[in-house]
Each structure stands twice: as structure tokens, then as C-alpha cells.
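Undergrad: Residue numbers (the numbering used here), protein chains in the order written: chain A, 229 to 446; chain B, 54 to 278.
What the hints contain is simulated information worked out from the structure, not anything from laboratory work.
Any given hint could turn out to be false.
[Unchecked claim] Simulated coverage check for chain B against chain A, where a stretch passes if three residues somewhere in it have a Cβ under 8 Å from a Cβ of chain A:
| hint | region |
| --- | --- |
| 1 | 207 to 213 |
| 2 | 232 to 240 |
| 3 | 251 to 265 |
[Unchecked claim] Quick list of in silico lysine to any residue cross-link-like pairs, SDA-like style, CA-CA up to 20 Å:
| hint | chain 1 | residue 1 | chain 2 | residue 2 |
| --- | --- | --- | --- | --- |
| 4 | B | K255 | A | V381 |
| 5 | B | K255 | A | F386 |
| 6 | B | K255 | A | H385 |
| 7 | B | K146 | A | W294 |
| 8 | B | K66 | B | D177 |
| 9 | B | K75 | B | L155 |
| 10 | B | K146 | A | L293 |
| 11 | B | K255 | A | Y389 |
| 12 | B | K146 | A | V290 |
| 13 | B | K255 | A | W390 |
| 14 | A | K295 | B | L270 |
| 15 | A | K295 | B | D273 |
| 16 | B | K146 | A | R365 |
Predicted model only: the values in this text are computed from it and were never measured.
Virtual Cβ for every residue (Gly too), placed ideally from N, Cα, C.
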Amino acid sequence: MTATRALGWLSLAALAIGIGWGLGLAPREETQGNVQRIMYVHVPSAIVAEYIACPLIFFASVGYLWKRRAEADRLAHASAEAGVVFMALTIITGSIWGKPTWGTWWTWDARITSVSILLLMFIGYLLLRAATDEPERAANYAAVLGIVLALNVPLVHFSVYWWRTLHQPPSMLKPGPMTLSPEIVRPLLINILAYAILFAYFVAKRVRILKTEAEAMA
Amino acid sequence: MTFARRAWAVAWKDVLVERRSKETVNALLFFALLLLFVFQFALGPDRERLGQVLPGLLWLGFILSGLLALGRTFLVERENDCWEALVSTPGDKSAIYVGKLLGNLLLIFSVEALVLLLFVVFFDVDITHALPALTLVIALGTLGLSAVGTLFAAMTAGVRARELLFPVLLLPVQVPVLLGAVKATEAALAGEPLSAVAQWIKLLVSADVVYVVIGILTFDFVLEG
Numbered sequence: 229m230t231a232t233r234a235l236g237w238l239s240l241a242a243l244a245i246g247i248g249w250g251l252g253l254a255p256r257e258e259t260q261g262n263v264q265r266i267m268y269v270h271v272p273s274a275i276v277a278e279y280i281a282c283p284l285i286f287f288a289s290v291g292y293l294w295k296r297r298a299e300a301d302r303l304a305h306a307s308a309e310a311g312v313v314f315m316a317l318t319i320i321t322g323s324i325w326g327k328p329t330w331g332t333w334w335t336w337d338a339r340i341t342s343v344s345i346l347l348l349m350f351i352g353y354l355l356l357r358a359a360t361d362e363p364e365r366a367a368n369y370a371a372v373l374g375i376v377l378a379l380n381v382p383l384v385h386f387s388v389y390w391w392r393t394l395h396q397p398p399s400m401l402k403p404g405p406m407t408l409s410p411e412i413v414r415p416l417l418i419n420i421l422a423y424a425i426l427f428a429y430f431v432a433k434r435v436r437i438l439k440t441e442a443e444a445m446a
Numbered sequence: 054m055t056f057a058r059r060a061w062a063v064a065w066k067d068v069l070v071e072r073r074s075k076e077t078v079n080a081l082l083f084f085a086l087l088l089l090f091v092f093q094f095a096l097g098p099d100r101e102r103l104g105q106v107l108p109g110l111l112w113l114g115f116i117l118s119g120l121l122a123l124g125r126t127f128l129v130e131r132e133n134d135c136w137e138a139l140v141s142t143p144g145d146k147s148a149i150y151v152g153k154l155l156g157n158l159l160l161i162f163s164v165e166a167l168v169l170l171l172f173v174v175f176f177d178v179d180i181t182h183a184l185p186a187l188t189l190v191i192a193l194g195t196l197g198l199s200a201v202g203t204l205f206a207a208m209t210a211g212v213r214a215r216e217l218l219f220p221v222l223l224l225p226v227q228v229p230v231l232l233g234a235v236k237a238t239e240a241a242l243a244g245e246p247l248s249a250v251a252q253w254i255k256l257l258v259s260a261d262v263v264y265v266v267i268g269i270l271t272f273d274f275v276l277e278g
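This is chain A alone, in the form it adopts within the complex (with noise of 0.2 Å):
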């Protein structure tokens, strides 16, 4: 318990940090504004999310699959559930975005599009968790389709990024490849630390909750 507090208080202090830096002292973009420093809440949430998030729920489901422990299972749950938080932060950050530098709240852009199909793939896994009665059949239900989702995640990548890149010429949508300066880029890498650290938090507590759940039930 004393573990995760730490976490806790280390995530409230990175992200202190993180949006102090990102939002006050770091330098306004010259063409987007202020609307630019949405990106400290977009880019650490999405990778979060992709590169943290589908690679844990994969390994987790593997290893419950092999080992049979039950706390395997309940990282995976946790971190499909902290993952999808993460993810429709990334959507609903996006959009924000979006609205003032393309002028629209939504565009089947590549990225936008594959972040919301994972984020439908991931909702799917929990109704499946929430629509199992007995536990160890959703544990292993779940875990059979954590490895099919997290599989699928380069597939869905790949087949969007084409779909909108291939037979449409760029557009003025496209998010510009932007050559990101140091001032930028420091207290991007900061928020991705606290927004990992929050991660971390969120994962933990709820496998601390789950597991309490299951001792409540047994």
C-alpha cells in the first residue's frame, strides 16, 4: 500500500511538473499557438496507451495462460481498464486539437482512426469481462482475447495507415511532421515520464481493488 501511495504522490508531482513546464514556461509555437501545448496531454497519453498499455495486456494474458496465476489476470484487467481511459484521452485531446488547426472535431485521419478502433477493440474486452459470470472463465475468456487484441494491434496500424495514406494524396489535414525544438521537446518527455508514473498508479491501485474484489467474492 505504502508502494503504490508513493507512486501516487510521485505521478502528482511529475504531472506538477510536467504541466507547469508544458504550459508556462515552455515557448508558444510560432503557427499553432497556445493550441500546441494540448500535444503534453495528447502525445504522452497516446503513447502511453499504444506502447505501454496493448504490450502489458498481451504479456499479462500470455502469462496467466501459463502460469495460472490470478494475478496475472487482474494486471491484464487493470490495464485494459487504465488503458482505455488513456486512449479516449488521446481522442477526446485529439479532437480539442483538432477543432481550432483543421477546423473540424473530426477527420479520418490515420492516427485518430487506429487510436479509436483500439479503443473499440478495448471496450469489447471489458463488456466481455463484465458479461462472464463466473471468474475463471472471464479470466480465461479474457485472456484468450487480451492476445488476439494486443496481435491485432499492428495489423489495425499498418491497414489504416494505408487506407489514408496510400490512395489520397496528403492533405492539409495531415499532422504536419513538425520539427520539434529542444524547449518542446523537454517537457514532452517529462509528461510522457508522469503520465507512465500515472499509469502505473492507476494499474495499481485497481489491481489492488480487483484483488480485494476477489477475496470479498470467494
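Starting from the known structure of chain A, fit chain B onto it as the hints suggest.
TA: Showing chain B alone in chain A's frame:
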């Protein structure tokens, strides 16, 4: 019995049951016909516009009728009280998966052949030149859909709100297959060689391989659940 023979026994049983009862296949064929009417009514009779969206419509038809067929894979066993007997057959359980997958493929292919024929009649498209390429694309896409669908059908057979959960789980997972199949079908119907869409074909093949391998490896755990 070898793995292949056990898988074949399951597939053959399904074919036999279907041939005698014609429960699923009749309703499916009728559903496919209805879909064509619905597409026409929803989009209007303008042939030129329909021609542009034809690959998408075709796959929408395949996926919707496929969803119905796949969703019933294991419900039939429960309805006929055959589930326990099927699961307690000795040997590697993944043979059941492969057998069910084969049975589903046969069923869905026959429905797809009819849908394709109806498209030719209703939308007046000439597909003779594109038939070999089209067959390959449809086979690859259907394998991807059925491989995941058969696995998910086994999973959702034992949960609440299964009719709802099955498409909700399957549809987002099928996005890569759907995109690849529609793009490749577009090219095939336009008379382009498949090498022009080689990357989509590669995507379909890799999706098929990944899905079938996961299905075989994890089916045991699903039955156990």
C-alpha cells in the same frame, strides 16, 4: 485418429447436419437476398453511384451474413445438447476449432457465391474477367473473418447477451481484414492485377496466419472456461 481426420470429422458432421436440416443455410441465403434489397433502397437505384461503392457493399453483405453464420457455430451444439459430447471427445481440442472453422468456411463460401451472383444480376456488373483474382481475395478475407469469428463464437456462447457481444467484439477486430479485402476487391473489379495491391494481399495473408495460429493455440483455454 490424426489431427486432420478429427478436424475433418467435425467439419463433415456440420455439413451433414446442415444438408439434412438446412436450418442455417436457407435462412442465410434469404437474409443475403434481403440485404441486397435493403442496399438498393437505402442508396437509390442510381447504377453509377452504386458501382463506385460496390466493393464496400459486397463486403458489407459478406460480413453481415458471416456474422449471423458464425454466431451460430456453437449455439447449434448447445441447442441440440451436443456440446458436452463434442467437448469430451478425446485428443487435441484444437481439432474441434479447425473442424468448426472448415464447416463455417464451407457455409460462408456458399452464401458468398450466391451474394456475388445476385450482385452480378442486380447491379449489372461484369465480373468474369476478375473472377480468379476476386476468388482469391474473397477466400483470404473470409478466412480472416471466420478464424476470429469461430474463436469468438466459442467464447460468447457461454456469456450473457451473447448475440450482442459477438458482433461488438468481432467487428473492430475485423477492420484490417475489411480494409484489405475492400481495397483488393476494388482493384480486382477494376481489372487491375493483384500485384498492384500486393501490400493489401500481404496484410490479408498475415492477418489470416496470425488469427488461425492464435485460434489453434488458445482454443483449449476457451473450452476449459
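Undergrad: For each hint, tell me whether it holds in the structure or not.
TA: Structure-based check of all given hints:
1. 207 to 213: holds (count 5)
2. 232 to 240: Our answer is that it holds, as 3 residues pass the Cβ test (under 8 Å) against chain A, meeting three.
3. 251 to 265: holds (count 7)
4. B:K255 <-> A:V381: holds (16 Å)
5. B:K255 <-> A:F386: The given pair, whose Cα atoms are some 11 Å apart, holds under the 20 Å limit.
6. B:K255 <-> A:H385: This hinted pair holds, its Cα atoms lying about 14 Å apart.
7. B:K146 <-> A:W294: holds (17 Å)
8. B:K66 <-> B:D177: Given that 20 Å is the threshold and the Cα spacing comes to 38 Å, the pair is violated.
9. B:K75 <-> B:L155: Holds, at roughly 17 Å.
10. B:K146 <-> A:L293: Holds: K146 of chain B and L293 of chain A sit about 16 Å apart, inside 20 Å.
11. B:K255 <-> A:Y389: holds (15 Å)
12. B:K146 <-> A:V290: With a Cα-Cα distance of about 19 Å, the restraint between K146 of chain B and V290 of chain A holds, given a limit of 20 Å.
13. B:K255 <-> A:W390: Roughly 13 Å between the alpha carbons, so the hint for K255 of chain B and W390 of chain A holds.
14. A:K295 <-> B:L270: With a Cα-Cα distance of about 15 Å, the restraint between K295 of chain A and L270 of chain B holds, given a limit of 20 Å.
15. A:K295 <-> B:D273: holds (15 Å)
16. B:K146 <-> A:R365: holds (17 Å)
Checked against the numbered hints given earlier, the structure breaks only hint 8 and satisfies all the rest.
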